[in-house]
Structures are given as structure tokens and as C-alpha cells.
Amino acid sequence: MTQDTALARPDEIPANPLRAVFSPYLWLAGVQLATDWIAAVLGAVAVAAILLAGIIGSPLALLGVPVTRWVITCLNAISGIERTRLALTLGVEIAAPQLPTRVDETWRDSRDLLGGGMLWRQICYWTILLGWSMVTAADLMLALAMPGTFALMPIYYSAAGWPEDLPFSGGSVAWTICALAFAVLFFISPHLIRLGAHLDASLADNLIGPSATGELVQRVGQLESSRARVVDSAEQERRRIERDLHDGAQQRLVSLAMTLGRAKSRLATDTDPATRQLLDEAHAEAKLAITEIRDLTRGLHPPVLTDRGLDAALSAVAARSPVPVQV
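Residue numbers (this note's numbering): 30 to 356.
The hints are simulated quantities; they were obtained by calculation from the structure and are not laboratory data. Just so it is clear, the structure is predicted and the values come from calculations on it, not from any experiment. Think of the CB as a built atom: it goes at the ideal place given N, C-alpha and C, for glycine as much as any other residue.
So the derived label-pair ranges between C-beta atoms look like this:
no.	residue 1	residue 2	range
1	Gly146	Ser52	32 to 40 Å
2	Thr178	Pro95	52 to 60 Å
3	Leu81	Ser255	32 to 40 Å
Work the whole structure out from these sequences, hints included.
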């Protein structure tokens, strides 16, 4: 929930009670506070059922079933309904917390999820909401019902008679006290509803929304995954280039060096020293190039050896050899 858009509708409730009565934001906030107890009871029952199913199914985690992840996913779904209720009544957009993605063993995944706080924060929310809904109901009653009670009280008791046990009864004193009580409660009622809506949304944002620590851990995990993908891609490209050199350029240079060696042996009786020197230089350069490529590709298997085995690899080398070879 961003600071710019958080609690937009409660903040729109006018401080003037005469204007607040005609504000739709006041009545939407009242609906939010009035339905807190319904959401608390239904949510607590659903959460208890999910946790009970998770405890019963916990032995399946030994078989590799991600029970903890399923429990948190179901809790997120229940909390998603609550986030929707807050969005409809208070205009508060609370992002859903994201489960971290892992490829490790199930027990390690469960350990990280149990230690991450997402599960416990949602359990705390539905537990606290059971008690908090009573506070919001009292707040709503004080803000809406009590002003009406003091407004109608003198009219009713003037017709039916004032009870004897009241500290005041009849006359201008009773009307004055009721009028003052009505004025005070009527004036503070928008502020009471706004305060209750603020606290309601703040409780939800802190417990069923993404935490700052969780977002940081999620971003770090995404960066680590991205870095691993980049490193893996670079490593695969490096291996591809080196294996291409191993199977292509190196074999051709070996063939060239052997061809030059055969040419040197045939021209051993050649009396032209310039021709002899050129062959020696070409032969030396070819062997130097072979040495450098072997240094680059040392420790790498040629793809034909990896894919088709030793027989196919030796046959491919023999086929490119200038010297007749049988495998």
C-alpha cells in the first residue's frame, strides 16, 4: 500500500458533520467497520480449517508434497478476499505478498516459509481481527447510534414520562443535557469513523500485505536467479565457442600441419632454400596455432564425444586426417 493512495477514502470524509452525513465515504467506512465481525468470524473459521488440514497432512511433506506452501497459498486466498473488501469500502489497495520461488528440497522450502513470517503474520491478523471487530463495532455504535439516541431521548421520554432513576428528568435541564450530548457526539462521529477506518486498514496492511523485509528478500531472490541465468547463459556460450573451436578450427589446423609435414618430407631433396624456409615457417605457425587452441579448449569434451560416444568421435577425427587411418 503506497503512501500516496493509502486510506484515500477515509481521508475524504469531511470533518464537518453536516457535510459528512452526505458523504458516501462516511457510509462506506461505516460498512467496513460494521462488517468487521462477519469477516473476523468467517475468516477465523476458514483459517482454522486450513491449518487443521495442514497439520493432518504434514506427514505428506516427508514424501515431497509441499504442504506448507499449499497452506500459505490457501491463507493468501482468504486474505485476498479481505483485501478486496478493504478496496471496495475504503479504497485501500493492498498488494498480495508473493511466495518465494525455490527449487530446493521440500523440507528446506518449508523451513524457509515457516521462518519467513508470512504464515504467522496472517494467523496473527485473523486472531487479532476477532477482538478488533468488537472495538470497531463499539466505535461505530458510538459514532452513529449514540447521537441518534440522545436526539430522540427527550422526545420519547417527554411523551412516555421520564424514569425516576435518571440523574435528570424532565424540564429544560434534561433537554439541555441531551442536546449537548447529541452535539458533541455528532461533531466527533466523523472523526471516530475515520480513526476506526485508518486503524482497520493499517492493521490489514501490516499483517496481510507484503512486508518490507519480505519484499527485500523477494527482490534479492529475483536478482540471484537473474544473475544465475546470466552466468549460466554466458557459460553455455563460452562452451559452445570452445567446442566449436575444438571440433572445427583445431582439427583443420592439425590436418594442415600434417599436410605441411608431408610436404617437407617430400621436398627434403629440394635444393631451393627459399622454398624450404617457407615450408618450415608455415609448419611452425600451424603447430603454434594448434597449441594455442588446445590451451583454450583444454578440459572440454568435443560435442560428438558427448553426444555419440568414443567410436563416433574417433571416426570423425580419422575421416579428417590426411594420413589414411582405420578405426
